[in-house]
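Knowing the structure of chain R, use the given hints to seat chain A on it.
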Amino acid sequence: MQTSGLKDNQRVFKEGLIKFPDSGDAPPYLLASRCAKCGKIYFPSKQFCAECMNEQMEEIGLSNHATLYTRTVVHIGVKGFETPYILGWVDLPEQVRLVTQIDFDPQKASELHSGHKLELVIGKLRSLPDGTEIVGYKYRPVE
Amino acid sequence: MRRVEVIGVGMTNFGKFTDRSLKDLAREACWNAIKDSGVVPKSIQAGYMANAVGGVITGQTMVLGEVAFREVGVVGVPIVNIENACASGSSALMEAWMAVSAGFYDIVIVAGVEKLYANDTQKTVEALAGAGDVELEMSVGVNFPAHWALRATKRMEIFGTTREHFARVSVKNHHNGCLNPRSQYRKEFTVEQVLNARMIASPLTQLECSPIGDGAAAVVLCESKLARQYTAKPILIAGIGMSTGTYSETRDITFNDIEARAAQAAYKASSIGPEDIDFAEVHDCFTIAEFMRVEGMGLCKPGEYDCLLERREVEIGGRLPINPSGGLLAKGHPVAATGVAQICELNWQLKGEAGQRQVQKARVGLAHCSGGGIAGDGAVSVVSILQKDY
Chain R
1 MQTSGLKDNQ RVFKEGLIKF PDSGDAPPYL LASRCAKCGK IYFPSKQFCA ECMNEQMEEI
61 GLSNHATLYT RTVVHIGVKG FETPYILGWV DLPEQVRLVT QIDFDPQKAS ELHSGHKLEL
121 VIGKLRSLPD GTEIVGYKYR PVE
Chain A
1 MRRVEVIGVG MTNFGKFTDR SLKDLAREAC WNAIKDSGVV PKSIQAGYMA NAVGGVITGQ
61 TMVLGEVAFR EVGVVGVPIV NIENACASGS SALMEAWMAV SAGFYDIVIV AGVEKLYAND
121 TQKTVEALAG AGDVELEMSV GVNFPAHWAL RATKRMEIFG TTREHFARVS VKNHHNGCLN
181 PRSQYRKEFT VEQVLNARMI ASPLTQLECS PIGDGAAAVV LCESKLARQY TAKPILIAGI
241 GMSTGTYSET RDITFNDIEA RAAQAAYKAS SIGPEDIDFA EVHDCFTIAE FMRVEGMGLC
301 KPGEYDCLLE RREVEIGGRL PINPSGGLLA KGHPVAATGV AQICELNWQL KGEAGQRQVQ
361 KARVGLAHCS GGGIAGDGAV SVVSILQKDY
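Listed in order, the protein sequences are those of chains R and A.
The working numbering applies: residue 1 is where the first sequence begins, and numbers increase by one.
The working numbering applies: residue 1 is where the second sequence begins, and numbers increase by one.
It is worth saying that the hints were derived from the structure and are not from the lab.
Careful: at least some of the hints might be erroneous.
Stated by the list, open to error - Below, computed lysine-lysine pairings styled on DSSO-like, alpha-carbon distance capped at 27 Å:
1) K42(A) / K225(A)
2) K23(A) / K79(R)
3) K233(A) / K301(A)
4) K117(R) / K40(R)
5) K46(R) / K19(R)
6) K123(A) / K14(R)
7) K19(R) / K124(R)
8) K123(A) / K79(R)
9) K7(R) / K124(R)
10) K42(A) / K233(A)
11) K46(R) / K14(R)
12) K124(R) / K123(A)
Said to hold, decoys possible - Where chain R lies over chain A, by a calculated footprint (3+ residues, C-beta under 8 Å):
13) 149-159
14) 242-255
C-beta atoms are modelled at their ideal positions from N, C-alpha and C, and glycine is treated no differently.
Here chain R stands alone, though its shape is the one from the complex:
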């Protein structure tokens, strides 16, 4: 997995989710798999499609754009996460819905409406006591 976009003290929370292109200019994107037979798209990637019993899967990159489905501001969070933070379910054009942090001021969360246009951003989710930054996907409102 290419991780050229990461600093020395950063690592992604789980392997195989994010592609950092070799060219420094191209933005990172989320990796998914598509069933070569029925076309169903899986994020995170799967090695087979249980819908149609097919093991021929193609690796694809997901769109960097999404729309907000619903959100909450978390005040008592998962250990290691700085609170408050915004969580949302977001819909991608590929019919993938994922739960993610929304990179936006929690004080202004009421400005985020269902259907809000978002874009992918790769950034810090939390820090470990030794200074390691755990990195993952987040989405932020399109300017």
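Chain A in isolation, oriented as in the chain R frame:
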């Protein structure tokens, strides 16, 4: 398929019992259920023990059922240990019901026990988070309050439900909890107090989230003809249905289809429909959950629960009392004990032994218990329908 009756129930108080062990809590509930049933321990032919996080919290990682049932003389018979998150107890009940119904046994005991108060609250919180997908969702910051808060926000958008509607569920269930001597919390709250409590995940405050707690519950089941030898007041398990999530990415998360599937299975097994239910114990782990589950089971239409609350139809004395025991919000939620404790409550209500919180003329009761959350969907849902059989 043979008819199966509840012939005895027992439970501990729910609460914070730092000096009591899992085994100790289970012993009290099981012994009370056995005494209530009138059977002797040697005539019990199998045991089903539900527990979710005892292994992590107490170190009793295996054979809790064998350890605890030994305390009450249930030995030398098949015993299985069952985990299905918050629905562990109701899952154990279903397994036991199927086994007696199929004729493998005539008399069995089902117990659920949980110990969440330990020296290390963080450890308890992390153990409970294990009811989700720890690899993915927990890693991006999702916990159970957030899982439900995301749905609450969507419901407000789609149905116009207000924060006051959510708070009314907390007020109602805390009121009912005051009438239940076994309840963890016996204190009244106003809508304003609920709304002004500490925010956990918007729009849900601390008084809209079920507490952690310790406790145990047990029931003795018996084949119907034999049951008449032990009791003149048997309570029939008319039917039980279970389902799990589909995790579809295009689901409308304002409708809990998992509850619909579980309820439909229970309605089919019992030949009882939602219109026949007199009262229900519903898994109100969060205020929003009560809305979605009552609607999911078809006890009212999607979006209609707001009106039922406004018209006070779901209070004790209303048309369809929901959580007369106080529910998880007030009675408490010792995870694996919850589903079995709901059966205790149905038993007492149907026999007219529920004291100040008695639902009048109750003949058919429904217990709904759910567990876990994966990809915004429930992991497991169990619906049990009990009926007065005398």
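Hints and how they fare:
Proximity of K42(A) to K225(A) is assessed by CA-CA distance (about 19 Å); at most 27 Å being required, the pair is judged to hold. In summary, the hint linking K23(A) to K79(R) is not supported, as the alpha carbons are separated by about 30 Å, beyond the 27 Å threshold. Between K233(A) and K301(A) the alpha-carbon distance is near 34 Å, which puts this suggested pair outside the 27 Å criterion. For a cut-off of 27 Å, the pair hint linking K117(R) to K40(R) stands: about 24 Å separates their Cα positions.
Restraint check: the Cα-Cα separation between K46(R) and K19(R) comes to about 16 Å, which is no more than 27 Å; the hinted pair holds. For the suggested pair K123(A) and K14(R), the alpha carbons sit about 23 Å apart, so the restraint of at most 27 Å is met. In summary, the hint linking K19(R) to K124(R) is supported, as the alpha carbons are separated by about 16 Å, within the 27 Å threshold. Distance hint between K123(A) and K79(R) is fulfilled; the C-alpha atoms sit about 11 Å from each other, no more than 27 Å.
Between K7(R) and K124(R), the direct Cα distance comes to roughly 11 Å. Compliance with the 27 Å bound is thereby established for this hinted pair. A C-alpha spacing of about 22 Å is found between K42(A) and K233(A), which places the hinted pair at or below 27 Å, so the restraint holds. For the suggested pair K46(R) and K14(R), the alpha carbons sit about 14 Å apart, so the restraint of at most 27 Å is met. For a cut-off of 27 Å, the pair hint linking K124(R) to K123(A) stands: about 24 Å separates their Cα positions.
Proximity of the region 149-159 of chain A to chain R, defined as three or more residues with a beta carbon under 8 Å from a beta carbon of that chain, is established by the 7 residues found. Judged by the Cβ-Cβ criterion of 8 Å, the region 242-255 of chain A is covered by chain R as claimed, because 3 of its residues qualify and three suffice.
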